[in-house]
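Q: Protein chains in written order, with the working numbering: chain G, 1 to 331; chain B, 332 to 426.
It is worth saying that the hints were derived from the structure and are not from the lab.
Honestly, I wouldn't trust all of these hints.
Ranges between beta-carbon positions, derived for each pair [what the hints assert, rightly or not]:
no.	chain 1	residue 1	chain 2	residue 2	range
1	G	Gly33	B	Val410	20 to 28 Å
2	G	Gly20	B	Glu421	23 to 31 Å
3	B	Val410	G	Val168	43 to 51 Å
4	G	Thr222	B	Asp372	35 to 43 Å
5	G	Pro262	B	Met367	51 to 59 Å
6	G	Ala317	B	His413	29 to 37 Å
7	G	Gly20	B	His368	43 to 51 Å
8	B	Gly349	G	Arg179	55 to 63 Å
C-beta: ideal position from N, C-alpha, C; glycine also.
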Amino acid sequence: MYAQLVETGVKRLRSLEEMGPEERAFQERVDAGIRIEPKDWMPEAYRKTLIRQISQHAHSEIVGMLPEGNWITRAPTLKRKAILLAKVQDEAGHGLYLYSAAETLNVSRDQMFADLHSGKAKYSSIFNYPTLTWADIGAIGWLVDGSAIINQIPICRCSYGPYARAMVRICKEESFHQRQGFDIMRELCRGTAAQKAMAQDALNRWWWPSIMMHGPRDEASTNSAQSMQWKIKLFSNDELRQKFIDQTVPQAEYLGLTLPDPKLRWNEALEHYDYGEPDWEEFWSVLNGNGPCNRERLRARVKAYEEGEWVREAALAHAAKQAARKAAKVA
Amino acid sequence: MNKTEWPLWEIFIRSQHGLAHKHVGSLHAADAEMAMHNARDVYTRRNEGVSLWVVRSSDITASSPGEKDLMFEPANNKVYRHPTFYEVPEEVKHI
């Protein structure tokens, strides 16, 4: 999930009877499946939670360009390079759709950037892992974008109109991302023994972080109940994780790769795969800033922002000059 | 942090199928020319359209959701504006 652990600031769910008239009308609209739009009345906690969730999601798209950008200049062929460029450009686009959606909630883009750069705002834990080989680009598309799709499709139906509409665009584009990743893995698996070993190594390193992308276990996910009442989250972390595992295991079997989980087996009675417990200590540690690449990722973002400052100022100065010239001509 | 943000622009695209321009989202740009370039990169990476409009968000006047009933209710009680309101005898054709 691109938005993990979104704080709602709410300790306990309130029933309709406990709500004031405005909040009750709001909740009844959400329950009836009517979209909330920017100018509609909304509880302050809903607005703030959405800002956290959408901006976290947007930051994930933007920071997510870094691990993949690492391989653009070293892609093995021109075809792969063109595909990877298009994919990374899509991620930038997804970030921009989402920042725009968040801005409808009265937060400025600069404020969101400032929160990312100061470490106040989070982004998905997955992007704090390094991309060591070309196979990592395959594993990211296949597993990370695969996880993202499972998480994002339900958000197309979430209660906040601008967020839902941004997700529709994103989901349409995301399937290319997953397929190009699987295609990289497939080619490596059909290649030399060394190439197949490289694919297996990438899978070994990316499997558990991908599983953890869906967020903590349901019982440890303290903000889910409120987010579900507001319909900005539609399925629980464990439900989405299970779905991801169930659909990915046969794909790994097709590739002839082994998933690095000895407890993974088909459960005939439940018609789902049983799986082992991820290392949650690692998850919390990465989320709290201590993953292998957290500092490097933030440093790269801050550097890009600061070094772009003169460009932003120059563009504004140019626009002002042009506007003044035009006004003078009219006068 | 930047003292001034680039202004916000709303982006409209006309698809290839001859329909009217449709709102697709927004973006920041210093001026109209840049908004046009950015809109092409952000919103038309997959043949989404054949024509783009960019409009400064601050130039749009929107109806208020609070006045929704006042604005749109009058249309609801004029059922005679719809063709289905009228009874057409079965033997009468092409009407």
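Q: Does each hint hold? Answer for all of them.
A: So, going through the hints one by one against the coordinates:
Remark: the range hint 20 to 28 Å for G:Gly33 to B:Val410 is upheld by a beta-carbon distance near 26 Å. Under the hint 23 to 31 Å, the C-beta atoms of G:Gly20 and B:Glu421, about 55 Å apart, miss the expected range. Between B:Val410 and G:Val168 the beta carbon distance is about 33 Å. The supplied range of 43 to 51 Å is therefore violated. Our hint of 35 to 43 Å for G:Thr222 and B:Asp372 holds, since their Cβ atoms are close to 40 Å apart.
For G:Pro262 and B:Met367, the hinted distance range of 51 to 59 Å is satisfied, since their beta carbons lie about 56 Å from each other. A hinted range of 29 to 37 Å is violated for the C-beta pair G:Ala317 and B:His413, which are about 55 Å apart. Look at G:Gly20 against B:His368: about 47 Å separates their beta carbons, and that is inside 43 to 51 Å. Our hint of 55 to 63 Å for B:Gly349 and G:Arg179 is violated, since their Cβ atoms are close to 31 Å apart.
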